[in-house]
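Asker: Kindly produce the complete structure, drawing on both the sequences and the hints.
4 protein chains.
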Amino acid sequence: MAEKIKVAVAGARGRMGREVVKMVLQDEQLELVAAVSPSAGPVDAGILAGTSACGVLISPDLETALAAVEADVLVDFSIPQVGYENTVTAITHGVRPVIGTTGITQDQMKELDKLCQERGIGALIAPNFSIGAILMMQFAAQASKYFPHLEIIEYHGDQKLDAPSGTSIKTAELISEIRPELRQGNPNEEEIIDGSRGGYYNGFRIHSVRLPGVFAQQEVVFGAFGQTLKIRHDSYDRAGYMPGVNHAVKKVMTYTGLIYGFEHIMD
Amino acid sequence: MAEKIKVAVAGARGRMGREVVKMVLQDEQLELVAAVSPSAGPVDAGILAGTSACGVLISPDLETALAAVEADVLVDFSIPQVGYENTVTAITHGVRPVIGTTGITQDQMKELDKLCQERGIGALIAPNFSIGAILMMQFAAQASKYFPHLEIIEYHGDQKLDAPSGTSIKTAELISEIRPELRQGNPNEEEIIDGSRGGYYNGFRIHSVRLPGVFAQQEVVFGAFGQTLKIRHDSYDRAGYMPGVNHAVKKVMTYTGLIYGFEHIMD
Amino acid sequence: MAEKIKVAVAGARGRMGREVVKMVLQDEQLELVAAVSPSAGPVDAGILAGTSACGVLISPDLETALAAVEADVLVDFSIPQVGYENTVTAITHGVRPVIGTTGITQDQMKELDKLCQERGIGALIAPNFSIGAILMMQFAAQASKYFPHLEIIEYHGDQKLDAPSGTSIKTAELISEIRPELRQGNPNEEEIIDGSRGGYYNGFRIHSVRLPGVFAQQEVVFGAFGQTLKIRHDSYDRAGYMPGVNHAVKKVMTYTGLIYGFEHIMD
Amino acid sequence: MAEKIKVAVAGARGRMGREVVKMVLQDEQLELVAAVSPSAGPVDAGILAGTSACGVLISPDLETALAAVEADVLVDFSIPQVGYENTVTAITHGVRPVIGTTGITQDQMKELDKLCQERGIGALIAPNFSIGAILMMQFAAQASKYFPHLEIIEYHGDQKLDAPSGTSIKTAELISEIRPELRQGNPNEEEIIDGSRGGYYNGFRIHSVRLPGVFAQQEVVFGAFGQTLKIRHDSYDRAGYMPGVNHAVKKVMTYTGLIYGFEHIMD
Numbered sequence: 000m001a002e003k004i005k006v007a008v009a010g011a012r013g014r015m016g017r018e019v020v021k022m023v024l025q026d027e028q029l030e031l032v033a034a035v036s037p038s039a040g041p042v043d044a045g046i047l048a049g050t051s052a053c054g055v056l057i058s059p060d061l062e063t064a065l066a067a068v069e070a071d072v073l074v075d076f077s078i079p080q081v082g083y084e085n086t087v088t089a090i091t092h093g094v095r096p097v098i099g100t101t102g103i104t105q106d107q108m109k110e111l112d113k114l115c116q117e118r119g120i121g122a123l124i125a126p127n128f129s130i131g132a133i134l135m136m137q138f139a140a141q142a143s144k145y146f147p148h149l150e151i152i153e154y155h156g157d158q159k160l161d162a163p164s165g166t167s168i169k170t171a172e173l174i175s176e177i178r179p180e181l182r183q184g185n186p187n188e189e190e191i192i193d194g195s196r197g198g199y200y201n202g203f204r205i206h207s208v209r210l211p212g213v214f215a216q217q218e219v220v221f222g223a224f225g226q227t228l229k230i231r232h233d234s235y236d237r238a239g240y241m242p243g244v245n246h247a248v249k250k251v252m253t254y255t256g257l258i259y260g261f262e263h264i265m266d
Numbered sequence: 000m001a002e003k004i005k006v007a008v009a010g011a012r013g014r015m016g017r018e019v020v021k022m023v024l025q026d027e028q029l030e031l032v033a034a035v036s037p038s039a040g041p042v043d044a045g046i047l048a049g050t051s052a053c054g055v056l057i058s059p060d061l062e063t064a065l066a067a068v069e070a071d072v073l074v075d076f077s078i079p080q081v082g083y084e085n086t087v088t089a090i091t092h093g094v095r096p097v098i099g100t101t102g103i104t105q106d107q108m109k110e111l112d113k114l115c116q117e118r119g120i121g122a123l124i125a126p127n128f129s130i131g132a133i134l135m136m137q138f139a140a141q142a143s144k145y146f147p148h149l150e151i152i153e154y155h156g157d158q159k160l161d162a163p164s165g166t167s168i169k170t171a172e173l174i175s176e177i178r179p180e181l182r183q184g185n186p187n188e189e190e191i192i193d194g195s196r197g198g199y200y201n202g203f204r205i206h207s208v209r210l211p212g213v214f215a216q217q218e219v220v221f222g223a224f225g226q227t228l229k230i231r232h233d234s235y236d237r238a239g240y241m242p243g244v245n246h247a248v249k250k251v252m253t254y255t256g257l258i259y260g261f262e263h264i265m266d
Numbered sequence: 000m001a002e003k004i005k006v007a008v009a010g011a012r013g014r015m016g017r018e019v020v021k022m023v024l025q026d027e028q029l030e031l032v033a034a035v036s037p038s039a040g041p042v043d044a045g046i047l048a049g050t051s052a053c054g055v056l057i058s059p060d061l062e063t064a065l066a067a068v069e070a071d072v073l074v075d076f077s078i079p080q081v082g083y084e085n086t087v088t089a090i091t092h093g094v095r096p097v098i099g100t101t102g103i104t105q106d107q108m109k110e111l112d113k114l115c116q117e118r119g120i121g122a123l124i125a126p127n128f129s130i131g132a133i134l135m136m137q138f139a140a141q142a143s144k145y146f147p148h149l150e151i152i153e154y155h156g157d158q159k160l161d162a163p164s165g166t167s168i169k170t171a172e173l174i175s176e177i178r179p180e181l182r183q184g185n186p187n188e189e190e191i192i193d194g195s196r197g198g199y200y201n202g203f204r205i206h207s208v209r210l211p212g213v214f215a216q217q218e219v220v221f222g223a224f225g226q227t228l229k230i231r232h233d234s235y236d237r238a239g240y241m242p243g244v245n246h247a248v249k250k251v252m253t254y255t256g257l258i259y260g261f262e263h264i265m266d
Numbered sequence: 000m001a002e003k004i005k006v007a008v009a010g011a012r013g014r015m016g017r018e019v020v021k022m023v024l025q026d027e028q029l030e031l032v033a034a035v036s037p038s039a040g041p042v043d044a045g046i047l048a049g050t051s052a053c054g055v056l057i058s059p060d061l062e063t064a065l066a067a068v069e070a071d072v073l074v075d076f077s078i079p080q081v082g083y084e085n086t087v088t089a090i091t092h093g094v095r096p097v098i099g100t101t102g103i104t105q106d107q108m109k110e111l112d113k114l115c116q117e118r119g120i121g122a123l124i125a126p127n128f129s130i131g132a133i134l135m136m137q138f139a140a141q142a143s144k145y146f147p148h149l150e151i152i153e154y155h156g157d158q159k160l161d162a163p164s165g166t167s168i169k170t171a172e173l174i175s176e177i178r179p180e181l182r183q184g185n186p187n188e189e190e191i192i193d194g195s196r197g198g199y200y201n202g203f204r205i206h207s208v209r210l211p212g213v214f215a216q217q218e219v220v221f222g223a224f225g226q227t228l229k230i231r232h233d234s235y236d237r238a239g240y241m242p243g244v245n246h247a248v249k250k251v252m253t254y255t256g257l258i259y260g261f262e263h264i265m266d
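Heads up: the sequence lines are chains A, B, C and D, in that order. Under numbering that gives the first Met the number 0, the first residue of the first sequence carries the number 0, and numbering increases by one thereafter. Under numbering that gives the first Met the number 0, the first residue of the second sequence carries the number 0, and numbering increases by one thereafter. Under numbering that gives the first Met the number 0, the first residue of the third sequence carries the number 0, and numbering increases by one thereafter. Under numbering that gives the first Met the number 0, the first residue of the fourth sequence carries the number 0, and numbering increases by one thereafter.
These are calculated hints, taken from the structure and not from any lab test. Every clue listed holds true.
You can't tell identical chains apart in this list, so a pair holds if it fits in one copy or across any two.
Okay, derived cross-link-like pairs now, DSBU-like style, lysine-lysine, Cα gap no bigger than 35 Å in a straight line: (1) 250 x 229; (2) 159 x 21; (3) 5 x 250; (4) 229 x 144; (5) 169 x 159; (6) 159 x 249; (7) 113 x 5; (8) 21 x 250; (9) 144 x 21; (10) 3 x 144.
Answerer: As structure tokens, this is what we get:
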């Protein structure tokens, strides 16, 4: 049998971090060797994650934790401010980072890639680990070549602060790289109620629905003479990202250098 | 066997008028006795409607047409400007009007009701003859009592001038009569792209999608803890209104006075 | 301020029971006074439910627990076999039962109603506490009066044993009470693949989709000339039933006798 | 300006044939030179198609018609029995066939390809000219690589004879070429109503909904841990196929030999 991949988890007290801990504990090919949170105290990481005790106590500091164990991979969904720093720390210890935080700059990525190359290890930074969301975006971009008339409707919980969602903007960007330029709709269109036609992006519209009970959903609707094509992705909870994180942890063991974007490690 | 209901059609050259002519010709309980259009010329009404010749030539003038035949019911989907006038003409000739034009004022309706009462005949004015659309609106209003968090998404063809649609505004009004007052969403919400959150109506949002190939669709989405309720109506073409018009033609024979709104003649 | 309603929870170790305990602990108008599970051991009920300690230890036996505290309401989602017995025990102690188990017979219900009347207290037995699911069923039944052509599509997790779901059969029954009798479809229809047309029920069809990641969803689709009406309810998790259970706990305090069916206590 | 493409239409009285005639008359790059129907009589093809007179009278015989005019392309949606024969006739006259009939055998296709190569002209045979339907099938096949748990739900008019639809079977075949082998669902699953779980195909299920008012719709639903991906295509009428036929007429001018399947001429 192959040796287990040894995983450290940063941000282990966060909502994503706890899901990652659970995911690692459930996969026989993975082994949890460290879990870091500056604020949780020295509790068992399994208990903190809402499952059974696993024998790994939460460490307050990543540097110390990585120095104390032999980890293969660090999974980090902590806040953007510490994401870059954590990634450097991991690479320095020869630990492959799988990073879900956004906000790392182009220059920082070049630097991280260089560090990875020097150590001969892989790293992954991805804003989205949902295989379904990535397929939705890819299909939408492909379809826009043939169906340039489209609108995006995205649904999130009613307490979300920003609209439209990051995923919908990312989708709109990918579509715009492929879709023939076109300003949709009637040029003399008039809004009786301001904003009813949604947010304008490069000739098409994005609509943001906010309702309690919804986690994250998006539909891209394409309209043409006599037909409609719809591509829809519904996420029900954070657990839905875990198959992607699991895949990334295994994949990052197999290459050298920094890869940005989960779509590039899908087989 | 019961006698047939004798039907006259105004605006017989319009898109709705031609559907009405076809519908009347296809129903054995109905008989087409007159079809009026000022601009069509004296062609056969069946041919103009895209079906077989029926022996009724288009008349240029409603008054003359109603004087020449014994009609029971006048169906009129012509432009708002002539709707009121046509209705008066019909009632004067003892012909029951079934009117699909909007823009008739409250005062005019009172006057029309008085005329109907005097003649002892019925009349119907309805902005919407789609049974499905009416059920959608009624169900949405009922649901809003239990699920006050909702948004409306409506879809129409990309050349439509106004947004949001009349049906969505009517739905919003009916909901507002029942729904507990509530301003949905995060009070600190921020639109990165203007209008992405849709049009604001009484605490909730209306989103107008405009795409080629779509005729008329609307979905009301209700969100609550752990669940979503959706009520959706899709109209594919004008023909979808004909079962409602057919029902109205038969129903208007059975009562006296003016009724406003198709929902009041549904059994 | 009104006195709190004192709630006991049977089946406190089950998936529904833990949600009920959490719901009671979160509502300031409710007070958890007992939680029963024969197999959990004397742990804190809050801890067992995955939230903070609440000071109520799990009791192994309902009779003993209800004798030891003053409870107003017993919530019981335990297995059908003990449902009737638990209900009798509750009423005997003057505790109003809110019961989510199915399988109680008509004769047993008459007996329970009699017991409630003697004690002057209320009781509720309901197979479904989801307000959204109940509205979906009611709207579907109403719509079938006007749109007798319909099909039901229901979605559940891929490990569910029975098809179609209990909710879809209940929906079909309610529709059949109202819908004009009609055998839908082409009488000469032929299945190239057996079962592709779904399960036959009283002239229409029920389709059961089973997929991982889905909790409980159902759509009733009505088709008519030129239009489609859809009523859809999506449940994302057990927590979605809690607003209904919460409403029931408060409502059962206000009447005398047994009520069967949550729809009868919706305002 | 480029010369117009001269188009002949077989089966000009059929529902698809009339749409093709209309489409050709509306495109300034195309010219209708012949329209064939053995049963229509010598009426104007434009009138028969429900639009204005175009000066081309219906011919009763394809051979005679193609001998009388210089056609570049023959569009044929007539019944399968005559499809092969018509195609041979067209190629013999140096006219490029665009064929929508199904039921042409592999051997016949080889023969037709040979004839095309000899004449140095192109030909297209395609069971489906809907760009949207083809994208739906392609996306579904791609997604099944990552989401092997899926079901297909297809909707057609209630008078359709066969279930499941040809498109759904084609989709299932394309998916099966890519999807990892898997028998979905609970092995101990039980149907309370026969057929409720749909038609079995290679480990997954196909559900056929039949309702009045529906033309042709299909949804492929993929389920995974915490997420659902849906790809849906709705066709509202035959006109929806015309952009594809239009594209094919122009494309068939640019290559030599027989191509089977519209997907191979999409850019």
